[in-house]
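Asker: As a plain string of letters, each chain reads:
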Amino acid sequence: MIDKTVEDLAVAVGDITDGATVMVGGFGEAGSPIELIHALIDHGAKDLTVINNNTGSGEVGLAALIKAGCVAKMICSYPRSMNSTVFPDLYRSGKIELELVPQGTLAERIRAGGAGVPGFYTPASVGTPLAEGKEQRTFDGIDYVLEHGLRADFALIKGKCADRYGNVIYNKTARNFSPLMAMAARTTTVQVAECVAAGDLDPEVVITPGIFVQRVVLVPDPAHESDLVREGASYP
Amino acid sequence: MSSTEPTMGLTRDEMAQRVAVDIPDGAYVNLGIGIPELITKFVPEGREFIYHTENGLLGMGPSPEEGQGEPELINAGKRQVTALPGAAYFHHADSFAMIRGGHIDLCVLGALQVSEGGDLANWSTGGPDAIPAVGGAMDLVAGVKLVYVITQHCTKKGEPKLIESCTFPLTGTGVVNRIYTDLAVIDVTPAGFQVFELSPGVDFDYVQERTGAKLLDRGTPSDS
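One line per chain: the protein sequences are A and B, in this order.
At position 85 of the first sequence the residue is numbered 166 (the working numbering), and the sequence of numbers has no breaks.
At position 175 of the second sequence the residue is numbered 160 (the working numbering), and the sequence of numbers has no breaks.
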């Protein structure tokens, strides 16, 4: 019988090795798999390349992972936001690498990686510093830059609900990058607030089909990053 | 971003209201962070706009009532919003397909600098200590049909933001269609900046003195 549910968070992240590339779902706090990230901090993998739209806030979740020294490189579109000091401080002191990618290009690179497309042309960034050194081509008189698909060893994402096959639905704007990351990673782990029996999710509303998910872990009452930041929490 | 309103020209709210007048009924609109967000307060009577927020929502509504917000229902500025009846959620690749694929009619963005050729700089000052952060701006200017800029005419230090050529890192080249400032509405034309409308009590020379490129008057014939 197929059952992708795993018993706890430690098992869910237990094989993430030093130097791995890890996609982390979320846009700001919406969809951020805080409990999985904290389990990864406990697990202790280092020299990670992390792909996320941002770099976290406060000293919890993704910001805590960076603060713990686990991350060698971030690939993201917007590495600063309110209450974000961990990444900016490390970046200014040259202790973390940054690959800055326009947000739509980041999404499409992940989608392409997951779809078996090694590269694509986009008009975004043409004529800007972010296009420097990239191959350009003209189609119908318009210039485009070549961007490469992104793949990862692991993806850590957050859903609202899943079944044992790994079919996932999301909550509102917490969906964002997660369905793309699930496609692009060799091992995708989703934390969900609810697990349901196979057949309880209407096939018409499944957003991520189970083929893209390898592990499901139940986190019944996930924390909200903004609450933790407001409380001044830090992890560990 | 100055807390003191300029002595002449429009307030931030009036600037936003002026932009709203030009948005056609039924438009799909993406609003940048900051002054552009104020536009939602001024939808003209009888019109309906559908707001797109690039983090995955079409049909974005106003901020929630106090205590009613949800941490996972936010806009691109990461502030809590609501979803109107008829709204739709989608993932980031679909969201940027809407943007890059030319499905969004109009976006309104802030600016650090705009050149007379329509180049926009709005993501980094390029300073040695600046943390570069681009977000979705480069995709928006590359894909949205009409790109409007809303900005104070000058910086807090009084330097012009509308100039011959941008000195900050670019967001896109030749992408801006129209600029709404506290002093004027200015079109980017093949001949350069052309004043479309002056704010009440502001004259052409006053705007020209505060602009780092030649302005064409409404009556000035352009080559195009």
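Since the hints were derived computationally from the structure, they do not count as laboratory data.
Certain hints may be false.
Stated by the list, open to error - Residues of chain A placed beyond 12 Å of chain B at every Cβ, according to the derived structure:
hint: 1; residue: THR86
hint: 2; residue: GLU116
hint: 3; residue: PRO160
hint: 4; residue: LYS239
hint: 5; residue: ALA255
hint: 6; residue: ARG256
Stated by the list, open to error - Derived contacts from chain B toward chain A, CB cut-off under 7 Å, selection only:
hint: 7; residue: GLN2
hint: 8; residue: ALA5
hint: 9; residue: PRO9
hint: 10; residue: TYR74
hint: 11; residue: MET83
hint: 12; residue: LYS130
hint: 13; residue: LEU131
hint: 14; residue: GLU149
hint: 15; residue: THR158
hint: 16; residue: ASN162
hint: 17; residue: ARG163
hint: 18; residue: PHE181
hint: 19; residue: LEU183
Ideal Cβ positions, reconstructed from N, Cα and C, are used throughout, including at glycine.
Asker: If a hint holds in the structure, say so; if it does not, say that too.
Answerer: Structure-based check of each hint:
1. THR86: holds (23 Å)
2. GLU116: holds (15 Å)
3. PRO160: For A/PRO160, whose nearest Cβ neighbour in chain B is about 6 Å away, the distance does not exceed 12 Å, so it is violated.
4. LYS239: The claim is violated: A/LYS239 sits with its nearest Cβ about 9 Å from chain B, within 12 Å.
5. ALA255: violated (4 Å)
6. ARG256: Nearest chain B Cβ is 5 Å from A/ARG256, so the label is violated.
7. GLN2: violated (27 Å)
8. ALA5: Since chain A brings no Cβ nearer than about 24 Å to B/ALA5, farther than 7 Å, the hint is violated.
9. PRO9: violated (24 Å)
10. TYR74: holds (6 Å)
11. MET83: With Cβ-Cβ at 10 Å, over 7 Å, it is violated.
12. LYS130: Hint violated; B/LYS130 Cβ to chain A Cβ min 13 Å, cut 7 Å.
13. LEU131: violated (16 Å)
14. GLU149: With a minimum Cβ separation of about 16 Å from chain A (threshold 7 Å), the hint on B/GLU149 is violated.
15. THR158: With Cβ-Cβ at 4 Å, under 7 Å, it holds.
16. ASN162: violated (16 Å)
17. ARG163: violated (20 Å)
18. PHE181: Since chain A brings no Cβ nearer than about 26 Å to B/PHE181, farther than 7 Å, the hint is violated.
19. LEU183: violated (31 Å)
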